[in-house]
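J.: Spelled out from the first residue to the last, the chains are:
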Amino acid sequence: MSEPFEPKIVAYVCNWCTYLGADLAGTNRLEYPSNVRIIRLPCTGRIDFNLIVKAFEMGADSVLISGCHPADCHYTAGNYHARRRWILFRRLLDTLGIEMDRINFTWISAAEGKKWQKVITDITEKTRALGPYKAYRELHEVAG
Amino acid sequence: MIEQLRETCRRLLDEGSVQVIIGYGDSLPGKPARPLFIRKSEDVDQLTWGPHCLPNLTAYLKRKEVKALGNAAVIVKGCDEKALVVLTKESQVDRASLHVIGMACDGVCAPKCAGCKMRTPRFADEVIGTPSDAEPKAGTRPVTLEDLMAKTPAERWDFWKGEFARCVKCYACRQVCPLCYCERCIADKNRPQEILTSASLTGNFAWHIARAFHLAARCVECGECTRACPAGIPLALLNRALAEQTEESFGYQPGMDPDAEPVFGSWKATDKETFIR
Numbered sequence: 001m002s003e004p005f006e007p008k009i010v011a012y013v014c015n016w017c018t019y020l021g022a023d024l025a026g027t028n029r030l031e032y033p034s035n036v037r038i039i040r041l042p043c044t045g046r047i048d049f050n051l052i053v054k055a056f057e058m059g060a061d062s063v064l065i066s067g068c069h070p071a072d073c074h075y076t077a078g079n080y081h082a083r084r085r086w087i088l089f090r091r092l093l094d095t096l097g098i099e100m101d102r103i104n105f106t107w108i109s110a111a112e113g114k115k116w117q118k119v120i121t122d123i124t125e126k127t128r129a130l131g132p133y134k135a136y137r138e139l140h141e142v143a144g
Numbered sequence: 001m002i003e004q005l006r007e008t009c010r011r012l013l014d015e016g017s018v019q020v021i022i023g024y025g026d027s028l029p030g031k032p033a034r035p036l037f038i039r040k041s042e043d044v045d046q047l048t049w050g051p052h053c054l055p056n057l058t059a060y061l062k063r064k065e066v067k068a069l070g071n072a073a074v075i076v077k078g079c080d081e082k083a084l085v086v087l088t089k090e091s092q093v094d095r096a097s098l099h100v101i102g103m104a105c106d107g108v109c110a111p112k113c114a115g116c117k118m119r120t121p122r123f124a125d126e127v128i129g130t131p132s133d134a135e136p137k138a139g140t141r142p143v144t145l146e147d148l149m150a151k152t153p154a155e156r157w158d159f160w161k162g163e164f165a166r167c168v169k170c171y172a173c174r175q176v177c178p179l180c181y182c183e184r185c186i187a188d189k190n191r192p193q194e195i196l197t198s199a200s201l202t203g204n205f206a207w208h209i210a211r212a213f214h215l216a217a218r219c220v221e222c223g224e225c226t227r228a229c230p231a232g233i234p235l236a237l238l239n240r241a242l243a244e245q246t247e248e249s250f251g252y253q254p255g256m257d258p259d260a261e262p263v264f265g266s267w268k269a270t271d272k273e274t275f276i277r
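As you go down the protein sequences, you meet chains X and R in turn. Using this note's numbering, the letters of the first sequence map in sequence onto residues 1 to 144. Using this note's numbering, the letters of the second sequence map in sequence onto residues 1 to 277.
Hints listed in this document are in silico derivations from the structure and should not be mistaken for laboratory results.
Each pair of labels, with its calculated beta carbon distance range:
(1) X/F5 x R/D259: 45 to 55 Å
(2) X/L51 x R/T270: 22 to 32 Å
(3) R/P258 x X/M100: 28 to 38 Å
Virtual Cβ for every residue (Gly too), placed ideally from N, Cα, C.
Generate coordinates for the entire structure from the input sequences, incorporating the hints supplied.
T.: Spelled out as structure tokens, the structure:
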């Protein structure tokens with residue numbers, strides 16, 4: 001472990017807003033950390049909570065979930081459904097003792113390339129300060 | 001009360017409107033009652049009732065082999081009936097072809113009985129008995145949610161690691177749950193495999209997160225998952241936490257109001273959260 005720690009961040013983003021926001025950041029040549037792995041899904045309403053668990057299982061240090069602002073959903077209400085789900089899901093993860101600083105939620109529209117740049121920079125720095133998510137990775141080691 | 005129950009069941013079977021009674025039968029002395037499926041009126045004397053009648057019998061309604069027996073009459077306590085409300089709301093039970101026999105309950109010595117306000121079933125086709133004025137017989141929880149939430153997140157994580165390390169993935173918590181009725185459970189799917197099948201800590205965390213969350217805003221907290229767990233994992237704590245949040249954020253209590261809109265599948269533009277930037 002001589003290499004310096006580079007956070008792995010998994011971003012589940014919706015196809016219509018945040019993905020286009022990230023795309024806009026790219027076409028505007030805005031620089032942001034390359035620690036983020038973007039996974040594009042049709043809608044935040046499609047983001048199954050198991051995907052978040054899976055990301056941590058597979059070694060993510062932080063997860064970002066991002067979609068359209070309220071009243072902006074391509075499918076009218078996908079983000080409203082998602083919002084209800086995350087209100088409860090966060091409570092479950094908190095009860096289990098999962099580090100809540102590692103799970104981030106944002107609304108980023110297709111016009112917010114700047115915001116995408118800032119969010120990714122902030123999350124990368126925050127995760128760098130938190131260090132690798134050892135607690136979840138140790139689960140693999142205990143019972144093989 | 002037992003005689004009245006047996007008489008009712010005998011009448012239902014003789015009338016022919018019901019082909020099977022799902023009720024309680026005595027098991028070993030001092031042990032909780034076992035589920036009993038009565039199909040002939042001469043067998044109704046095997047039915048029992050008392051503070052040992054713990055099982056939530058509505059869990060059997062989802063089973064194909066039970067559905068195949070014909071129209072059912074199910075014996076419920078006030079708490080079990082909440083599961084029926086949710087099942088009806090989710091179109092899993094045809095309430096019209098189901099006969100519900102409600103039992104007035106003086107507590108079954110379970111933790112859920114403390115301060116119970118559901119001692120008389122509200123929607124049963126017939127209710128047998130009246131609850132006594134005494135406090136219901138209740139049990140205590142080894143760990144309460146307050147105890148757990150008083151710990152730091154790292155301590156909570158270690159607590160659950162210790163608990164889930166004992167899980168052998170027998171899925172008794174799923175089988176016994178009246179609201180876990182998917183014909184094909186996500187834990188049994190392998191394309192893609194969302195939940196590792198091995199009883200390793202990783203797989204166990206994934207399973208218990210999925211189990212608890214699939215019951216979010218639906219669980220009526222009958223506590224059967226905890227009772228069925230051979231490893232003694234206090235699974236109901238996770239459901240309790242979700243129920244608390246459901247009530248706080250959406251003012252919704254599963255199984256209480258048959259006409260209330262369920263939390264998932266509906267939404268409001270005014271839903272409040274504090275964590276989305």
